[in-house]
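**Student:** As a plain string of letters, each chain reads:
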Amino acid sequence: MSDTATGTDETAALPGDGLREGIVDRLRSDLGEHLLDTYLIPHTDLWVRVSAEAWGQTAAALKAQGFDHFCFLSALDWLPSPFGKGEDDPDAEPVAISTELVQGYTGGETRFQVFARLTDIKRHVGVTIKADVPESMSVPTWLPHFAGANWHERETHEMFGIGFEGHPDLRNLYLPGEFEGFPLRKDFPLLSRMVKPWPGIVDVEPMPVAAQEGDGES
Amino acid sequence: MTVLNERQQLSYIAAQAADARLNVELETEGMTLNIGPQHPATHGTLRIIARLDGEQVVWAEPVAGYMHRGYEKLTEVRTFPQVTALINRIDWLGSFANEVPFILAAEQLMEIEAPPRAQYIRTILFELSRIANVSLFLGDLGVQMGAITPVFMAFRDREYVLNLIEGATGGRFHPNFDRIGGLKDDLPKGWIAETKQVMKKLRTFCDEIEDLLFGNEIFQSRTRGVGIIPADVAKSYGMTGANLRASGVDWDLRRDQKNAMVWDQADFKVWTHPDGDSWARCWIRLQETREATKIVDQLIDNIPAGPVMTKVPRIIKVPAGEAWVSTENPLGEMGYYVVSKGDLGPFRVKIRSASFNNISITPWVLKGVYVPDIITILASLYFILGDIDR
Amino acid sequence: MGLVDRGRMPAPLTKLFNMGRSYSMWVYQWGLACCAIEMGAAFGSPRYDVMRLGVIPLPASPRQADLVVVSGTVTDKMAPAVKRLYEQMPEPKYVISMGSCANCGGPYWDSYSVTKGVDQIIPVDVYVPGCPPRPEALLEGIVLLQQRIKNEDMAAKWRNEEFTTLQKTAALEKAKSQPAPEPIVVGGGPIE
Ligand code: SF4
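If you read the protein sequences in the order shown, they are chains A, B and C. So the first sequence is numbered by this note's numbering: it starts at 1 and just counts up by one. So the second sequence is numbered by this note's numbering: it starts at 1001 and just counts up by one. So the third sequence is numbered by this note's numbering: it starts at 2001 and just counts up by one.
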């Protein structure tokens, strides 16, 4: 039983920026031009984007750096939802919804991105890795590097329809076998919302502070 | 080796053949055992399919999805304040703890921070929900091994904690008390004295459970050395929380990560155990309940005065950006990856729930164990269905 | 029990049977989600002590149960199992639907994987609203169900008809028209 009590020097152990930059530098030397972009919020978090071919390689490289704790793996669909939020006033004019893809941190080119997160337990730092999903809708699997990726990849396959090359068994995890469609894609409609308008169209709860002063800048 | 004559050789061959025939006759057929989807031993609607050879599991696979409610999709059609009403139903035993990481992520994107008083109360309620959660685990543990008493004790003492949570938030189960920028309300009168009383009771409860259950010989022989998970396997499956610490990995987000909560103001011990077996996992949880009562006791004396809410606009729009915040929830690391596009609601929320990773190890850990051990191993891994399926 | 299936039970005898039935109900706990914990608190905790109402919450299988409490979210994947469970129960059987999810979908009314109400699959006798309902509310639901059973026409239940009160049957002999029985909602009000 280890007796690691919390110390007062814990802030010293917290990661600084030098640490995160070091991670990026080492990753760049491992991956070369496959490391496409990085984004760093000082003292908070780190994002990197790699090319889809290097997706598996990135896992290996980061694992070698000490990122041996697998946190999660999932995907992002950057298409703005064609249905809006489904809670707009049914009588109001429908607002024009753009179909422009605006990717988040570290940019990107495609509609779908896979992203995953790894943690370094010793250095207390985590990193989010993203990759564009190519036209073929599949990226290499992480299974050889992290056994935990198994279920996460099954879930991503089920929810987004993204394949993982080398994954032995991409069965449905959640939904019954006869379910059609990929629920987390933005163009998957929530039918209940179509047939029944959202009852709470005006939904502003008075905040305690604002309520006291009797003014709300709405 | 002596040279055999022909007759000896023949009799040898005949004996071998007879043996082989006998083996063929005795060989049992593989049997497939289905537990669930509703079974008392799986506390919830997890279904386990195990292929057995005699008493031994050759292959096992959990079938999840019986409680899949589609949180990630639903968050996309809710506004930020509405999301908390959904997500505290993920891990339904420690509901308040589910809200916190999401609120922290939204606050991080808005670049605001809750006032110190709110941070204290949040941390206290967080630990209370940990106690409410894990105490039921401790009670339930006995049921899995045929001891009924602990569960009644757990329900009895858990009621006190629920009363506290209800007193402060108005909801026994799903408080929905956290707001972006603080809390809905301040603590009611008399709550602090009451809490101290209850914490004493809970410590007695822990002692009782330790005596009754952990000192019990049957319990020990059923759990010690069963379902061992080594540290590197645990890490590569992404296990967190007590399950990871029971494998000897010293990793607790309350201590090792900085966010707008006040765990650093309390002095507590992060327990680890080198064994990695079922017993270690149960024992760590017992110790954690004790530590949680201590954290509450320490923090409750030092709650600073002041407001519980910062000034936020009435209609909350979260600036565009991405944030990942996770906290050490009762079941392990629970985190939200929030993507906002500057709208009223999130663009995408990836919910990383602890049980999903913790239970994905079952095919690995159940291989080769005996049938009764399935139950103890699953119980000691401790999952909540909503937290697996979301 | 030949009298019962022929539908010629004398009313006083029915009353006696009903009283016996209502105070010896074996209830199967079909806990599905968060509400299951509140159901556990109602059935398993010393504070609420359901047995004082004449309800025994420990049948080993649905085949021994008279009443099932469906508590929690019923998903489309779970629905066939719920139906099968209901079919396994022997007649006469009663269903309490506990929690908004089981009543109508609750917070997941717009989800793609949740069944919007367990009454789409099996008939429900008592609805207990709330998210989650307090254990007291569930106990109230059980008491209301017991009151209903006491007044029930056993023969009608036996013939698998909808709920009919004893008095009503006598009156209906003449009228021959039957108003639809209202489901019980704890706390009153309609369920939509
Ligand atoms: S009604 Fe509420 S508490 Fe009950 S199962 Fe549904 S979400 Fe959970």
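Honestly, I wouldn't trust all of these hints.
[Stated by the list, open to error] Taking lysine-lysine pairs in the DSS-like style, the calculated list, with each CA pair at most 27 angstroms apart, reads:
no., chain 1, residue 1, chain 2, residue 2
1, A, K186, B, K1317
2, B, K1317, A, K122
3, A, K186, B, K1258
4, C, K2015, C, K2157
Source of the hints: derived by calculation from the structure; they are not laboratory data. A quick note: this is a predicted structure, and the numbers were derived from the prediction, not measured.
**Student:** Run the distance test for B/K1317 versus A/K122: straight-line Cα separation, threshold 27 angstroms.
**Tutor:** violated (36 angstroms)
**Student:** Holds or violated: are the alpha carbons of A/K186 and B/K1258 at most 27 angstroms from each other?
**Tutor:** violated (34 angstroms)
**Student:** What's the verdict on A/K186 and B/K1317, does the C-alpha distance respect the 27 angstroms limit or exceed it?
**Tutor:** Between A/K186 and B/K1317 the Cα gap is close to 21 angstroms, so the pair holds against 27 angstroms.
**Student:** Holds or violated: C/K2015 and C/K2157, Cα atoms, limit 27 angstroms.
**Tutor:** holds (14 angstroms)
Against the hints set out earlier in the document, violations occur for numbers 2 and 3.
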